[in-house]
Every structure is written in structure tokens, then in C-alpha cells.
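S.K.: Using the sequences and the hints, build the whole thing.
There are 2 protein chains.
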Amino acid sequence: MRFSYVSHLYCPKCSKNYSVDDKQNLCECGSPLLVSYDYKALKEEWTKEDLVHREADLWRYHELLPVKKEENIVSLGEGMTPLLTMSELGKEYGITNLLMKDEGLIPTGSFKARGSAVGVSKAKELGVEELAMPTNGNAGAAWSLYAARAGIKSHVVMPEDAPMITRQEVHVAGADLIVIDGLISDAGKLVKEAVDQYGWFDVSTLKEPYRIEGKKTMGLEIAEQLKWNLPDVILYPTGGGVGLIGIYKAFKELVELGWIEPEKLPRLVAVQAEGCAPIVKAFKEGKRDSEFWTDSTTAAFGINVPKALGDFLVLEAVYETNGCAVAVSDDTILTEQHHVAELEGAFICPEGAATFAAAKKLRIDGWIKEEESVICLNTGMGIKYPETVPMNVSVRSKTERL
Amino acid sequence: MRFSYVSHLYCPKCSKNYSVDDKQNLCECGSPLLVSYDYKALKEEWTKEDLVHREADLWRYHELLPVKKEENIVSLGEGMTPLLTMSELGKEYGITNLLMKDEGLIPTGSFKARGSAVGVSKAKELGVEELAMPTNGNAGAAWSLYAARAGIKSHVVMPEDAPMITRQEVHVAGADLIVIDGLISDAGKLVKEAVDQYGWFDVSTLKEPYRIEGKKTMGLEIAEQLKWNLPDVILYPTGGGVGLIGIYKAFKELVELGWIEPEKLPRLVAVQAEGCAPIVKAFKEGKRDSEFWTDSTTAAFGINVPKALGDFLVLEAVYETNGCAVAVSDDTILTEQHHVAELEGAFICPEGAATFAAAKKLRIDGWIKEEESVICLNTGMGIKYPETVPMNVSVRSKTERL
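Protein chains in written order, with the numbering used here: chain A, 618 to 1019; chain B, 618 to 1019.
It is possible that some hints are incorrect.
Since the list gives no way to pick one copy over another, a pair counts as held whenever it fits inside one copy or between any two copies.
[Said to hold, decoys possible] Here are the simulated lysine-lysine pairs, BS3-like style, with alpha carbons at most 30 Å apart:
id	residue 1	residue 2
1	LYS685	LYS986
2	LYS657	LYS770
3	LYS844	LYS665
4	LYS924	LYS657
5	LYS660	LYS866
6	LYS806	LYS665
7	LYS809	LYS630
8	LYS770	LYS708
9	LYS685	LYS866
10	LYS630	LYS978
11	LYS904	LYS844
12	LYS806	LYS844
13	LYS1015	LYS686
14	LYS685	LYS708
15	LYS844	LYS685
16	LYS686	LYS844
These are computed hints drawn from the structure, not numbers from a lab.
M.R.: Okay, structure coming up:
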């Protein structure tokens, strides 16, 4: 048995191959690169039963992850997040089997930890000493902290509107934090110039190929947690869309290994905010790429991405699984965020709440049927977004009886 | 096999017994009550191997928890938090085998989730409809959210200085939040009056017996994660001290079951802040009870408890394991909080950081030896305490190159 069965990188657009032993960013043709494995050997040498005695973290799938040597793993205990039943909410929506995959229970309180754990580990394996990235907040926080653990220096460029707490996370990690008066697209331009000038490794979304491998473990875990019987529908809050691409890749790989049935793939739903819905627009128009969404705005800051580099991969995953793309309003997002807390006891982030608003909407439309099993993916903790719970509490005297 | 082997409640002071099938608070004599199990039957019918295939949450120990019926469990996926190696920090401190049990990776981002998961589940089993408690923030947040999941109404009284984010958590859960211009001791008085008047169930620290059962799972997990070979030293940030009492109870129960050796119990260290160190004072004076600490103050708000109801149990655990009690300054707490993030990539809470400051101090004093295995217990996420990371970042123009 090999620790990892990683074989090479390939371009999903022009099919060119690259080595996993050198630092790689985009393909020459401009497309993101994807990671391939020796599926034939894996199918022969790796079984579901091998997983039983392993630790409850994402490294339990190390054969299907890109890190070749165990000693390069940089871990803070990430993965195997809970898959919770949401029966009260399900009753209200009219969905008998409603579940939530809760990515709040992970280092840094956001699903970004998965991408950075695998990305930073592989960067360490490749000898990276300094990395740089633009971020809407949570990714920068996660990469800074994992990089600190790996002894890698990081440079993080963040819009001033990103969640305040993520500035603290980047700062406390000892990273170089740059806050700008612009959007993540502006931050991306500055990073691109800087990596060209200083030789830092660019770990922008999908510009390095390994973040997606971390994210795909959400799909692997969902499959294993449901004993390899996939749900009917998975709703995912879609900004850059890496998680959705990753989950789809995971399922295709599990089909390749013969661990799940190809005809049983869940319908994947890309959920966006009405104020920033380029994927939804492209889906409605039957297109395979999205257009830049001007003047984007939403309270769910993590999905404020006007044009995702991997839009074509997101749309492919949606089309190939007979899924859909749906936009929800900020009002319904914030309403469902409260609703999930009051009925189910989970204080989730607005991006996660968007998937519940979408599930409710799709159930009303009849696109989701009552008896279908449905997973809403909550990408992070509500406590990272205090401003989404406005409150006005007056301080009372300690001598006044209740 | 029974789901739970719980037998009865007993008073550690006057030895009076009580039923686990009625709502109970303190003993008639004023002491907290502890939970007892049918250890004889457990020893015959339950083995370590039974745990292997179970979910990675604290309910894996259901035989040694007080909830009798599985359907009464109220869970958000809590438990089996990571036990991380801290090798860089260990090198610096001169401790070869330094570990951190990270209670940030749990619902609500604080170890309080354990006590509330078990406490709320048992309250549900006993038919509680409304509960009330004073809180320094995190416990109130956790109990409110678990109570919401259980359909139980909660009333939470909090000092105005408690972490702001915990107000939002209580509010979003739909609980009745009361913020007062006093300390947790003042909040406790108001709760006492109100439960007498309205008949709410009082879930103040140690006033109901089940919170400690949730907290003891930290001890069970540490033992299992280390394959039933306990460390030499465990450092615990001590306010109310329930976790320390719980960990000690867990180890004694494991001895009773024959799963660990009695002579191998770790030395338990109660860590307090210099601005609020009643347990440390009592320990130095060789006393078995503490005195009320006037004008207490510390940046580690969760351990600002001037007089703990369970002080005598904390001191017993310290004395019986040849442990100690040690106070650290707020300066060293905040320094180590940054240090842990920069060297190990974990953004921990100030209470957790206090245990690292204490480990460093005890190593310098020679109380901890180089080759000893040492666990620092981090009780929550740093992101709940943004004010502990002051920063001054100027916003730059998006057109200015890096």
C-alpha cells in the first residue's frame, strides 16, 4: 500500500498533464488543474473496511489525497464534521429527511480549513516558503493559521468589508495582512502582481490544484457517514464553488472505485444570493460559463464572488447531476439563520442559511419531493458573523428582580 | 446491555443518596450532588473494544452517562475533539511531549457544549420545560442552543462584561436574555430568586448534577485517544472547575472499571489568573476550601469566578493526584495566546492560553520534567474573544501595489 495514490495533474479544458512533484498553478491555457490518482491500483488495493479503525479526520482518506509522505501532513484535527438530523425544520419545510453537514466544527470555524489543510500540507511537501492569496476572510484566516503551523510565511489581501474576526485570525497567526478598499477581484489583481514580482506561491482559489482535494473530503465523508448510500439532493452555498466541484469530484472517484453506484449521484444545487448570482444566471440561460456580476452585494459575504474561475466546473457538476442553481434573497437568508438556531439549536453562518432558504423554496416549487433525503451544507459558524444578529439589549440593574 | 448504567445521585459531603429519576439540585446539606453508576455490572458487561465502531462523539460512552433512553439525546455532534501535538512550542518550553486537547472544535466553540449536551438531554428526560442559569457567557450560549434543540425554554442572566458574541448566541437561540451591571455571583442571586418564584429548573454550575457528567467525557476521550495510557500532567483553566472535577471523576471511574492503572493518574493542575486565584490561595495554604476573592479581574473572563461552589472537589482532585494550583498574569496569558497561534496555528481562547503560560512556568520551576507528557486543555476558540487580539490595520488603496 502506498500512502497516497496521486499520479498527476491534468487540465479539464485542454487535457494537458503536469507533474505533482513541482509547484503548479494554472494550465498554460488558463484553466485550473485537477488532481488525478491511480484509480486502477486503488480499486484493487483499497477497501471501505480499511477506514473503520482510522482517526475521525479527513486524513483517513489519505490514499485519495495528494500528500505523498505522512510527515508532511499539517493538521489541526480537521474533518469528519457532524451530519445532523434537522427534523423540526424538516417538518416545517415538508422534507421528511433533512440533514445538515455542519462545517462549523472544524479549525477556524469554517470549511476553508479543509482546503488549507491539504493545500498547505502539499505546499510544505513541495518546499514552498512563502504563499500569497486574496480572500473574502475565512480562507485567508484558515491558510494563515495552517501556514503558521507549517512554518510557511503568508501574505493575505482582504477587502475591508470582510468579516472583522478574520482580520484577527490572520494577524494572530503572524501573517502579513493587507486590507484594501476594494473587492476580492481587486485583491486578486494585487496578489497576481506581487507573486510575479516576489516569487511567492499563489494559492488563490483554484490557482493551486490541491485546495479542491481538501474540499472533496466533504463528499467522501457524506458518503461514508450515510454508509455509502448517497442522499437525493445536496445544497451548497456557491461563491468560488470549490466545495461543489470537490464534492462532485469525490462522488465520481467513488464511482470509479466501485464504492457507490453511478446512477445514484445526488442532484447538486448551487445556491447563490440574489445580489450576486452569476452561476444562477448562466444556469437559467443554459450556458456553461458565467459572466462577471457587476455591483454584487449580499450579507452572505463568503458567496460574494462576481465571477468564479471554476464557474464552468460548477455548472458541469450541476448539469451532470440534474441539479440546479437557485438564488435566494438576503431577507430569507437571515430569517432562516434565526430559524435554524431557534428550532435546531445550531447558530450557522449566513452562507449556510442560504441553503436552507433554498431548500424551502425548492420544496415549495416541487423540485424537492417530500420523501427525498436532502443535505444542506453549512460552511461555517454563525459566531464569525455577529453583525447578522442585530440586537438591542438594555443592561439592567443587578438589584432588579427577574 | 443497558443503554446507561446510571444508578443514583450521592452527596460527596454527607453521603445522602437521591434518585436520578426526579429533578434534583443541591443536597439538603448544600453540597453539589454527583452521579453514580452500577460499576460492578459495567465492569462485567462493557469493554474498551465496544467503543471501536462507535461514532466520534461523546455519546460513545453512553453506558457511563446518565441518559437512560437513547431517544432523549440532544446532540449537535459534540465530542472527540482533537488531541494535537504542539512540538514547536514544546521545543521552546523544554517539554518533549506537549499536547493540546482542543475544545474549540465543538458546537458553540466552547467546552461548555459538553455539559449542556448531557445536562439538556437529562433535563429533557426528566420533563423539564423551562430552565434558568447565570453565566459568564459561554455556558449560557451552549445551554440556550441545546435547550432550543430540545424544545426547552431558557432564561439566561449574564454580566455586561461577558464576551459580546455570547449575547448573540443566546439571543439567536430564542432564549430569554437578561444582561446585568454585575458579576456572575450577582446573576446567580437573581436566578435563585427567580427559580424559587417561577419554578424554572436551576442549571447553575453544579446546582444540577449532570453537567459534570458531560465534562468528564474530556477525561474519557484523553484516555482513549492515548490508548488508555494517561499523560503525566494535565493543566486545566479553572473557574467553576467543573471540567477538572469531571476529568478526575472520569479517571477514577476508569480505574474502577479496570481500564487504567490506579497508580498512573496524571497530576492535575488548576490554572487561574493572578487577578482571580481563590483556588491557588487555598492550595498554597493547604486548605480544602477557598474563600471569596474580592474585586476579581482578568482578561480570561471564563475563569473570573471569585468562589466556586465545587472548590472543595477541585482541591481534592489536585491533592489526590499530587497536582498543584498555579496563577499566571494576564500579560503572560495574552503573550502565550499569540505564541500558540504563531508557532502552532491554533487561535485559542485566553483561558486555554493560561494553561500554556502555566506549563511554561512549571517547567522553569522544575515541577514539570523535560521528558514528561503534558496536556494543556484549551477550552474554546479564540474567535469568541476578538478583543484579546488588538490590532491597528490601515485600509490601503486597491490601486497601491504590495
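S.K.: All hints, please: hold or fail.
M.R.: Hint by hint, here is what the structure shows:
1. LYS685 <-> LYS986: neither (43 Å within a copy, 36 Å between copies)
2. LYS657 <-> LYS770: neither (38 Å within a copy, 55 Å between copies)
3. LYS844 <-> LYS665: both (10 Å within a copy, 24 Å between copies)
4. LYS924 <-> LYS657: neither (36 Å within a copy, 64 Å between copies)
5. LYS660 <-> LYS866: within (16 Å within a copy, 47 Å between copies)
6. LYS806 <-> LYS665: This pair counts as neither: shortest intra-copy Cα distance 43 Å, inter-copy 55 Å.
7. LYS809 <-> LYS630: within (22 Å within a copy, 68 Å between copies)
8. LYS770 <-> LYS708: Between copies only: 20 Å across, 49 Å inside.
9. LYS685 <-> LYS866: within (20 Å within a copy, 42 Å between copies)
10. LYS630 <-> LYS978: neither (34 Å within a copy, 58 Å between copies)
11. LYS904 <-> LYS844: Neither, since 35 Å and 55 Å both go past 30 Å.
12. LYS806 <-> LYS844: Cα proximity of LYS806 and LYS844: none, with 44 Å in one copy and 50 Å across.
13. LYS1015 <-> LYS686: Intra 59 Å, inter 40 Å, cutoff 30 Å: neither.
14. LYS685 <-> LYS708: between (46 Å within a copy, 26 Å between copies)
15. LYS844 <-> LYS685: For LYS844 and LYS685, both the intra-copy (27 Å) and inter-copy (27 Å) Cα distances are at most 30 Å.
16. LYS686 <-> LYS844: both (29 Å within a copy, 24 Å between copies)
In terms of the numbered hints stated before, the structure departs from hints 1, 2, 4, 6, 10, 11, 12 and 13, listed from lowest to highest.
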